[in-house]
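K.L.:
One letter stands for each residue in the lines below.
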Amino acid sequence: MTPSLPYAADVESPLKPDELDVLRHQYEREGEYVGLQTKFNYAWGLIKSNQRPEQQEGVRLLSEIFRSSSERRRECLYYLALGNYKLGNYAEARRYNDFLLDLEPANLQAGSLKELIDEKVAKEGLMGVAIVGGLAVAAGVVGSMLFRGVRRR
Amino acid sequence: MTSERSGSPVRRGRSTSPRPLSPPGDDASIIDSLGDSRKLQALGRKVTATAGSLINAEGVSQHYHHALGELHKELRRPGLQRSVFSFAQTTPRDLVRSRISVPEIQHRALASLPDELLHNIPEDNNQYSLFQGFQASLPEEPEQSQGHRKRGKRGQKLLGGLDDDEDPNAPPSMAKLKSKKHSLSHRLEMMGVRKHMCATEIHEIDNKIANLNTMRKIVLDRLAGLEMEEADIEVDLLEVGNKIEDLQEELDDAAALAPKSPESPELTQEEEKEETDGFMSESIYQKIPSPKNKRRRAMRRISMPILHEHLEPGSKIKEIEAHTDVVTALDFDSPWGTLVTASLDDTVRVWDLSAGRCIGLLEGHLSSVRCLQVEDNIVATGSMDASIRLWDLSKAEYAPLDNRINKSSEEDDGLAFENSADPPPPPPPTIMQDCPLFSLESHVDEVTALHFKGNTLVSGSSDKTLRQWDLVKGRCVQTLDVLWAAAQATATMNTNPADPWKQTGRVTDTSADFVGALQVFDAALACGTADCMVRLWDLRSGQVHRSLVGHTGPVTALQFDDVHLVTGSLDRSIRIWDLRTGSIFDAYAYDHPVTSMMFDARRIVTAAGEDVVKVYDKTDGRHWNCGPGADEEDTPLSSTIERVRIKEGYMVEGRKNGVIGVWSC
Numbered sequence: 001m002t003p004s005l006p007y008a009a010d011v012e013s014p015l016k017p018d019e020l021d022v023l024r025h026q027y028e029r030e031g032e033y034v035g036l037q038t039k040f041n042y043a044w045g046l047i048k049s050n051q052r053p054e055q056q057e058g059v060r061l062l063s064e065i066f067r068s069s070s071e072r073r074r075e076c077l078y079y080l081a082l083g084n085y086k087l088g089n090y091a092e093a094r095r096y097n098d099f100l101l102d103l104e105p106a107n108l109q110a111g112s113l114k115e116l117i118d119e120k121v122a123k124e125g126l127m128g129v130a131i132v133g134g135l136a137v138a139a140g141v142v143g144s145m146l147f148r149g150v151r152r153r
Numbered sequence: 001m002t003s004e005r006s007g008s009p010v011r012r013g014r015s016t017s018p019r020p021l022s023p024p025g026d027d028a029s030i031i032d033s034l035g036d037s038r039k040l041q042a043l044g045r046k047v048t049a050t051a052g053s054l055i056n057a058e059g060v061s062q063h064y065h066h067a068l069g070e071l072h073k074e075l076r077r078p079g080l081q082r083s084v085f086s087f088a089q090t091t092p093r094d095l096v097r098s099r100i101s102v103p104e105i106q107h108r109a110l111a112s113l114p115d116e117l118l119h120n121i122p123e124d125n126n127q128y129s130l131f132q133g134f135q136a137s138l139p140e141e142p143e144q145s146q147g148h149r150k151r152g153k154r155g156q157k158l159l160g161g162l163d164d165d166e167d168p169n170a171p172p173s174m175a176k177l178k179s180k181k182h183s184l185s186h187r188l189e190m191m192g193v194r195k196h197m198c199a200t201e202i203h204e205i206d207n208k209i210a211n212l213n214t215m216r217k218i219v220l221d222r223l224a225g226l227e228m229e230e231a232d233i234e235v236d237l238l239e240v241g242n243k244i245e246d247l248q249e250e251l252d253d254a255a256a257l258a259p260k261s262p263e264s265p266e267l268t269q270e271e272e273k274e275e276t277d278g279f280m281s282e283s284i285y286q287k288i289p290s291p292k293n294k295r296r297r298a299m300r301r302i303s304m305p306i307l308h309e310h311l312e313p314g315s316k317i318k319e320i321e322a323h324t325d326v327v328t329a330l331d332f333d334s335p336w337g338t339l340v341t342a343s344l345d346d347t348v349r350v351w352d353l354s355a356g357r358c359i360g361l362l363e364g365h366l367s368s369v370r371c372l373q374v375e376d377n378i379v380a381t382g383s384m385d386a387s388i389r390l391w392d393l394s395k396a397e398y399a400p401l402d403n404r405i406n407k408s409s410e411e412d413d414g415l416a417f418e419n420s421a422d423p424p425p426p427p428p429p430t431i432m433q434d435c436p437l438f439s440l441e442s443h444v445d446e447v448t449a450l451h452f453k454g455n456t457l458v459s460g461s462s463d464k465t466l467r468q469w470d471l472v473k474g475r476c477v478q479t480l481d482v483l484w485a486a487a488q489a490t491a492t493m494n495t496n497p498a499d500p501w502k503q504t505g506r507v508t509d510t511s512a513d514f515v516g517a518l519q520v521f522d523a524a525l526a527c528g529t530a531d532c533m534v535r536l537w538d539l540r541s542g543q544v545h546r547s548l549v550g551h552t553g554p555v556t557a558l559q560f561d562d563v564h565l566v567t568g569s570l571d572r573s574i575r576i577w578d579l580r581t582g583s584i585f586d587a588y589a590y591d592h593p594v595t596s597m598m599f600d601a602r603r604i605v606t607a608a609g610e611d612v613v614k615v616y617d618k619t620d621g622r623h624w625n626c627g628p629g630a631d632e633e634d635t636p637l638s639s640t641i642e643r644v645r646i647k648e649g650y651m652v653e654g655r656k657n658g659v660i661g662v663w664s665c
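One line per chain: the protein sequences are A and B, in this order. Take the first sequence: its position 50, counting from 1, is numbered 50 in UniProt numbering, and each next residue is one higher. Take the second sequence: its position 276, counting from 1, is numbered 276 in UniProt numbering, and each next residue is one higher.
Looking at chain A on its own, in the form it has when it is part of the complex:
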């Protein structure tokens, strides 16, 4: 069974360059009147990529889809959350995901994404605190040493 929504793991596996090229080619060929699915395909391919600018472009395309087609908004919320999660924009990702969870509390994928975001935030936050703390300690140590050195003089 293919789940109707991708899990976070899916977004981490980049497409092959030629696959992405196919999607891009199709997207560009359809020009101004690009079909919804084509646009999404390209956007999703971009988000799966490893390149940050491409991921950003993908998220931008998704937000365009969200604006233009209201009947796809609900699932787009999830894709946006996932894209922002991959970009590391956890605040945005959480915002979208929470909206989705408000609408569909039973959504498995959204639930797992929420956990993932929390986890990431906690980890990186701790790391940040650790870094800041470490820096502060080091500064303190250095400062005190300097201070002590000055005092000793």
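A few of these clues could be false.
[Stated by the list, open to error] Only some residues are given here: those of chain B computed to face chain A with a beta carbon under 7 Å: (1) Ala111; (2) Pro114; (3) Leu118; (4) Ile121; (5) Leu130; (6) Phe131; (7) Gln132; (8) Met191; (9) Gly192; (10) His196; (11) Cys198; (12) Ile202; (13) His203; (14) Glu204; (15) Leu344; (16) Thr347.
[To be verified] Here are the simulated DSSO-like pairs of lysine-lysine, each with C-alpha atoms no more than 30 Å apart in a straight line: (17) B:Lys453 / B:Lys181; (18) B:Lys195 / B:Lys181; (19) B:Lys195 / B:Lys180; (20) B:Lys178 / B:Lys208; (21) A:Lys16 / B:Lys618; (22) B:Lys180 / A:Lys16; (23) B:Lys181 / A:Lys16; (24) B:Lys316 / B:Lys217; (25) B:Lys318 / B:Lys217.
Honestly, the hints are just simulated from the structure, not real lab data. By construction, the Cβ of each residue, glycine as well, lies at the ideal position given by its N, Cα and C atoms.
Once you have looked at the hints, place chain B on chain A.
P.N.:
For chain B alone, coordinates are given in the frame of chain A:
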């Protein structure tokens, strides 16, 4: 998972949009002054300025400003509160990135969605998700499901377990079969998704087509408006031109009067000379006595209306209750131009097609008009009183769009052709009084067909002769006896001496007109007669040089261009002949006798005893119906269609009940 990012805050932005032209040193200075909120606001302003100039599309820029406004609000919050709030929500790196890096902020402004949109999320009832569509559009790989599973294992803890229904204890063949079943059902599912994708795409395209159609309609309305305006301006131009002419004449008169006395003998001589010149060479048009050509209104349009070409083929432009009896003949000069109709109620009416109303009546014939032709300003009518009359419509006292002459009251709105339901004001009887040019009277029986081209007019009559007229001299230059030609043909072709009088054609149907149709071009003349023959004449020799045999009923309609000759007959068929070889090129038949037929560049239109005009598309070979009976509803005025004319996709038909219909075709 995010390890591939270096996390540098000054990472380059989206590759597709140009970067703002900020000096490279700026980023560093901004980081230095992070605490200073005023500087941050300055940064915000700078971003607004640079990015705002990049993004000019209204919708986007508005949204962009909005998003930036949100950022500003956040920036204005007290530092402590900000940090507390933010740290609970996100990571420091995200925070730093969202506050400092210019391309990042740009991207967020572009991609972030306002809350109104997020609150406006309708229930979705899609058959498949976009992600499924994505999966379905990727090329199918045989081990896809396994790869999927592997990936799934990696994220197992988040997924809450995949549907792992494989039993490790089952025998290997069983497992194999199961996996096969799995892959097959997967493919089936993919097929379903693809099918739905196609359906959705078709739906999307339908929507786009509908959109485009509305756009087309809007533009079409604009075109109609422009053509109205164009006509107005042309009228104005004409009026100004007339005024200039009048003034010029007055000036000339004044100038001529002033030095009159010294050279009066010369002048009289000149006048005399002019008179003789006029008598010798001036065309017949000017010989007709007319009370000083002051009102020389060119009825002919300068610009070419093209509106009908863009209307849906088969759509009705107008319907006029023109006559009270059967329409016997009609013709018009150009689309939206002047239409002349004749009926058994013994009137000949002139119509302005763009305004949709009667300009006047052509009076003079003693009986009904059976055939007529309009070419530029000249109208030729052939009547049952055996005469042919020529008329010059440019002499009519008709101002196409203002009602000064037609009616003194202020009923000016009647000219818009939409409200054709209003009875048009009756034209004054004097309006066409200057139109008659001259009449040609040599036939001894009713004139049933005529055609003119340039200065040559050929008429066919029930006296079984064709006459060729010179329009400049106004006299008959040749008489072609059809029966004699038929006898000649019989004599030369029939080698059997026992029966020398056997006719080539069939027995003449006495109920039909003897000469049903004819057309002349230079020295070439084609005529279709009641003996089922189509004869091609050479006017220089007066001989028939080819007879086309094939019809089994009287020929009633005929037209040729440079390649083909098309004929319609009471035998219900339309035949298309190759003019060079004289053989049949194509033929088709209808259910009833053909009473009228004409073609333009694209279509052959036929009146065949029905309440619709039969249309044959020459380009794609399609037969279709056009006319009041084509759509079932709304046909109070429908009746058998007797006559039909088409020019450049603009079709006019006349019916048995006297109604004239105008269609785009």
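K.L.:
Does each hint fit the structure? Answer for all of them.
P.N.:
Now for the hints, and whether the structure bears them out:
no.: 1; hint: Ala111; verdict: holds, 5 Å
no.: 2; hint: Pro114; verdict: violated, 10 Å
no.: 3; hint: Leu118; verdict: holds, 5 Å
no.: 4; hint: Ile121; verdict: holds, 5 Å
no.: 5; hint: Leu130; verdict: holds, 4 Å
no.: 6; hint: Phe131; verdict: holds, 5 Å
no.: 7; hint: Gln132; verdict: holds, 6 Å
no.: 8; hint: Met191; verdict: violated, 12 Å
no.: 9; hint: Gly192; verdict: violated, 11 Å
no.: 10; hint: His196; verdict: violated, 10 Å
no.: 11; hint: Cys198; verdict: violated, 10 Å
no.: 12; hint: Ile202; verdict: violated, 10 Å
no.: 13; hint: His203; verdict: violated, 10 Å
no.: 14; hint: Glu204; verdict: holds, 6 Å
no.: 15; hint: Leu344; verdict: violated, 56 Å
no.: 16; hint: Thr347; verdict: violated, 55 Å
no.: 17; hint: B:Lys453 / B:Lys181; verdict: violated, 80 Å
no.: 18; hint: B:Lys195 / B:Lys181; verdict: holds, 21 Å
no.: 19; hint: B:Lys195 / B:Lys180; verdict: holds, 22 Å
no.: 20; hint: B:Lys178 / B:Lys208; verdict: violated, 45 Å
no.: 21; hint: A:Lys16 / B:Lys618; verdict: violated, 52 Å
no.: 22; hint: B:Lys180 / A:Lys16; verdict: holds, 27 Å
no.: 23; hint: B:Lys181 / A:Lys16; verdict: holds, 28 Å
no.: 24; hint: B:Lys316 / B:Lys217; verdict: holds, 15 Å
no.: 25; hint: B:Lys318 / B:Lys217; verdict: holds, 18 Å
When held up to the earlier numbered hints, the structure conflicts with 2, 8, 9, 10, 11, 12, 13, 15, 16, 17, 20, 21 and fits the remainder.
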